[in-house]
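Fit chain B to the known structure of chain A by using the hints.
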Amino acid sequence: MPDGAIAIDGWHLAASAAFVVLAGAVSLGLRLGLEAKLAVASARTVGQLLLVGYVLGWVFALEEPFVVLALLTLMIAAAARAAVQRSTRKVRGAGLMAFSMLAVTGLATTLGTTEVVIGVEPWWRPQYVVPLLGMVLGNGLTGMSLCLDELLQSLDEQRARVETELAFGATRWEAARGPLREAVRRGMIPILNSMMVVGVVSLPGMMTGQILEGADPLMAVRYQIVIMFMLAGATSFGCMLLGLLLYRRLFNAHHQLRAELIVRG
Amino acid sequence: MTFEVTDLTVGRGGEPLLRDVSFRLEPGARVALVGPSGVGKTTLLRALAWLDDPLSGEVRLDGVTPASMGAPRWRRRVLLVAQRPVFFGGAVREELARPFSYAAATGGLDEAAARARLERVGLGAKWDAPCAELSEGEAQRVALVRALGIGADVLLLDEPTSALDEESAAAAEALLEGQTFVLVSHQRAQRERLGATPVELSRDA
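Sequences listed follow chains A and B, in order.
First residue of the first sequence? That's 1 in the numbering used here, and the numbers climb one at a time after it.
First residue of the second sequence? That's 1 in the numbering used here, and the numbers climb one at a time after it.
Looking from chain A toward chain B, a few residues come up when the C-beta cut is under 10 Å (computed):
no.: 1; residue: Gln-158
no.: 2; residue: Thr-164
no.: 3; residue: Leu-166
no.: 4; residue: Ala-167
no.: 5; residue: Phe-168
no.: 6; residue: Gly-169
no.: 7; residue: Thr-171
no.: 8; residue: Arg-172
no.: 9; residue: Glu-174
no.: 10; residue: Ala-175
no.: 11; residue: Asn-252
no.: 12; residue: Ala-253
no.: 13; residue: His-254
no.: 14; residue: Leu-257
no.: 15; residue: Glu-260
Label pairs and their calculated CB-CB ranges:
no.: 16; chain 1: A; residue 1: Pro-190; chain 2: B; residue 2: Gly-151; range: 41 to 51 Å
no.: 17; chain 1: B; residue 1: Pro-130; chain 2: A; residue 2: Gly-209; range: 48 to 58 Å
no.: 18; chain 1: A; residue 1: Arg-86; chain 2: B; residue 2: Asp-20; range: 38 to 48 Å
So these bits of chain B aren't anywhere near chain A, every CB distance computed over 12 Å:
no.: 19; residue: Phe-23
no.: 20; residue: Arg-93
no.: 21; residue: Ser-168
no.: 22; residue: Ala-174
no.: 23; residue: Glu-177
no.: 24; residue: Thr-180
Just so you know, the hints here were simulated from the structure itself, not pulled from any lab data.
The beta carbon of each residue, even a glycine, is placed where N, CA and C say it ideally should be.
Next up, chain A with everything else stripped away, as it sits in the complex:
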């Protein structure tokens, strides 16, 4: 076994920044006007990642389950907020729905994986739980925001179509299932696409990391398969459950579409 990844010091970081500086110079030369954005984005990358590094180091060292749980809750809340904010239309309560669905699917798959599949002891060991939940949330929030956006858009724009079906005596489920199906499908496209090309076009970040660390590629692959199944399961269930919650919110028991609840933002 090799001795793990080569340590990176400040000079290595500075050297890698040279590429970004070069890109900024090209932007200036061609008057693309991107250099300011590039500078801000680079600064944020450094700042955010350093902050996360310190927080993770602190949490790992504390070995306190409540601190881990608090961090997980914070991560879920941030993901839920991002999922709702990406949508161009809003509906009240969507943030809470996204939060609860991300919490349920995220924690169930993460803890299911660490407990049942990998067998981590103790169950809250942050070195496993935090990065795994982060991956589930990242994929889940992409899927959920697409699902939310699609459903709100189609019910808003195709209100006349949905209400024509209701007027013909369709139940709310009969009238909603077309838009719902499309929304769940759209939410799942990114994860399905990445499952189709994983290993062929790109090596996933975690697997790359393990290989750089010197792990046996076949072991890294096994981890990655577990991760992909976990992500696919969590994203699918998240989208379906969010779709159902939105359906319950936007169609009442009188089989009426409450399109007035959808606000264009």
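The following block gives chain B in isolation, referenced to the frame of chain A:
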């Protein structure tokens, strides 16, 4: 069949638009909702079809409220025909059969009767035509034929012939013979031709 509207108040977002509307329809009777633009005629029709809840008052069909009948059954008997018809991407014959694809439907489309109605409004040749290729006036007539195929007790007609010339409108009106309906139409002549009793609506009513 008796259709009774009693002290119905309708509005949007909790704000009343029309207050205490009452009328009663026996089989074959028809009323026309009359009032200035924006008074809430379409809002009233939507409440009668129970697509929106009224703010107060009630509607009954043969003494039964929509809540106890259930929305799907109610709407097949008290059928809203919107001013702008919506089709679902199929040919005319498929659109006519569409209302029979829901759980609340009993039986299927009477094709012979539907073809005969299309003939009467001059669209006999359009049976297999895609709805996307219909003109606005043709679409309105197809939508009317589609609604009549359901066999509702009461039709709620929102400007059903607004895109039709006089001749086509007359053919469409002829289809409504014997049908009980609530009509919204800006044309006084049409209301009179159809023998619809006016129900005057105003903001203060």
